[in-house]
Amino acid sequence: MMNMVNALNEWALLLIGLGLITGAFSKLSTIGAMILLAFYYLFHPSFIGAKYMMPFEDSYLWIDKNLVEMAALAVLLAFPTSHIIGLDRYLKKQSPYCLNSN
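Just so we're aligned, residue 4 is where the sequence shown starts under our numbering, counting upward by one.
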């Protein structure tokens, strides 16, 4: 079961990363990335003094790098710049009903 979850995680990271870098399907990629980061935060929260099997950078109270990345993705979700400089600009011309910027 763990091998299947690892494989799904790797493919999700690959597809989300490609979507965010190229600007293709950026809304879907942004939402998927926020969901993954929420899972990472919830299953490995950063509390002061907590000891985990896998150590991480430092001990933070509540805010860690996952929450900062989620905030950055929320900005990308609020300001969809992929319709200006990404591949979504070309995809919107091909099928305007598939990629609605509203």
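For the record, the hints were derived by calculation from the structure and aren't laboratory data.
Keep in mind that the hints are not guaranteed to be accurate.
[Said to hold, decoys possible] Okay, derived cross-link-like pairs now, SDA-like style, lysine to any residue, Cα gap no bigger than 20 Å in a straight line:
{"id": "1", "residue 1": "Lys68", "residue 2": "Gly20"}
{"id": "2", "residue 1": "Lys68", "residue 2": "Met37"}
{"id": "3", "residue 1": "Lys68", "residue 2": "Val78"}
{"id": "4", "residue 1": "Lys30", "residue 2": "Gly89"}
{"id": "5", "residue 1": "Lys68", "residue 2": "Lys95"}
{"id": "6", "residue 1": "Lys95", "residue 2": "Pro83"}
{"id": "7", "residue 1": "Lys68", "residue 2": "Tyr44"}
{"id": "8", "residue 1": "Lys30", "residue 2": "Asp67"}
{"id": "9", "residue 1": "Lys30", "residue 2": "Ala15"}
{"id": "10", "residue 1": "Lys30", "residue 2": "Trp65"}
{"id": "11", "residue 1": "Lys68", "residue 2": "Ile87"}
{"id": "12", "residue 1": "Lys30", "residue 2": "Val78"}
{"id": "13", "residue 1": "Lys30", "residue 2": "Gly20"}
{"id": "14", "residue 1": "Lys30", "residue 2": "Phe42"}
{"id": "15", "residue 1": "Lys95", "residue 2": "Leu23"}
{"id": "16", "residue 1": "Lys68", "residue 2": "Tyr43"}
{"id": "17", "residue 1": "Lys30", "residue 2": "Leu76"}
{"id": "18", "residue 1": "Lys68", "residue 2": "Ile34"}
{"id": "19", "residue 1": "Lys95", "residue 2": "Glu72"}
{"id": "20", "residue 1": "Lys68", "residue 2": "Gly89"}
{"id": "21", "residue 1": "Lys95", "residue 2": "Leu45"}
{"id": "22", "residue 1": "Lys30", "residue 2": "Leu16"}
{"id": "23", "residue 1": "Lys30", "residue 2": "Leu80"}
{"id": "24", "residue 1": "Lys30", "residue 2": "Phe46"}
{"id": "25", "residue 1": "Lys68", "residue 2": "Ala27"}
{"id": "26", "residue 1": "Lys95", "residue 2": "Ile34"}
{"id": "27", "residue 1": "Lys30", "residue 2": "Val71"}
{"id": "28", "residue 1": "Lys95", "residue 2": "Ile24"}
{"id": "29", "residue 1": "Lys68", "residue 2": "Leu90"}
{"id": "30", "residue 1": "Lys30", "residue 2": "Thr84"}
{"id": "31", "residue 1": "Lys30", "residue 2": "Leu70"}
Going through the hints against the structure:
1. Lys68 with Gly20: Holds, at roughly 17 Å.
2. Lys68 with Met37: Since the Cα atoms of lysine 68 and methionine 37 sit roughly 13 Å apart, the hinted pair holds (cutoff 20 Å).
3. Lys68 with Val78: The hint holds at about 15 Å.
4. Lys30 with Gly89: holds, 12 Å
5. Lys68 with Lys95: Violated, because 33 Å separates the two Cα atoms, which is more than 20 Å.
6. Lys95 with Pro83: It holds: about 13 Å lies between the C-alpha atoms, which stays within 20 Å.
7. Lys68 with Tyr44: holds, 9 Å
8. Lys30 with Asp67: Violated, because 24 Å separates the two Cα atoms, which is more than 20 Å.
9. Lys30 with Ala15: holds, 15 Å
10. Lys30 with Trp65: This hinted pair is violated, its Cα atoms lying about 27 Å apart.
11. Lys68 with Ile87: It is violated: about 28 Å lies between the C-alpha atoms, which goes past 20 Å.
12. Lys30 with Val78: holds, 11 Å
13. Lys30 with Gly20: holds, 12 Å
14. Lys30 with Phe42: holds, 19 Å
15. Lys95 with Leu23: With Cα atoms ~16 Å apart, lysine 95 and leucine 23 stay inside 20 Å; holds.
16. Lys68 with Tyr43: holds, 10 Å
17. Lys30 with Leu76: Holds, because 10 Å separates the two Cα atoms, which is no more than 20 Å.
18. Lys68 with Ile34: holds, 17 Å
19. Lys95 with Glu72: Judged against 20 Å, a Cα distance of about 27 Å means the pair is violated.
20. Lys68 with Gly89: violated, 26 Å
21. Lys95 with Leu45: Distance ~35 Å between lysine 95 and leucine 45 Cα, so the pair is violated.
22. Lys30 with Leu16: holds, 15 Å
23. Lys30 with Leu80: holds, 6 Å
24. Lys30 with Phe46: violated, 24 Å
25. Lys68 with Ala27: The given pair, whose Cα atoms are some 25 Å apart, is violated under the 20 Å limit.
26. Lys95 with Ile34: holds, 19 Å
27. Lys30 with Val71: Distance ~18 Å between lysine 30 and valine 71 Cα, so the pair holds.
28. Lys95 with Ile24: holds, 17 Å
29. Lys68 with Leu90: violated, 28 Å
30. Lys30 with Thr84: With a Cα-Cα distance of about 10 Å, the restraint between lysine 30 and threonine 84 holds, given a limit of 20 Å.
31. Lys30 with Leu70: holds, 18 Å
Checked against the numbered hints given earlier, the structure breaks hints 5, 8, 10, 11, 19, 20, 21, 24, 25 and 29 and satisfies all the rest.
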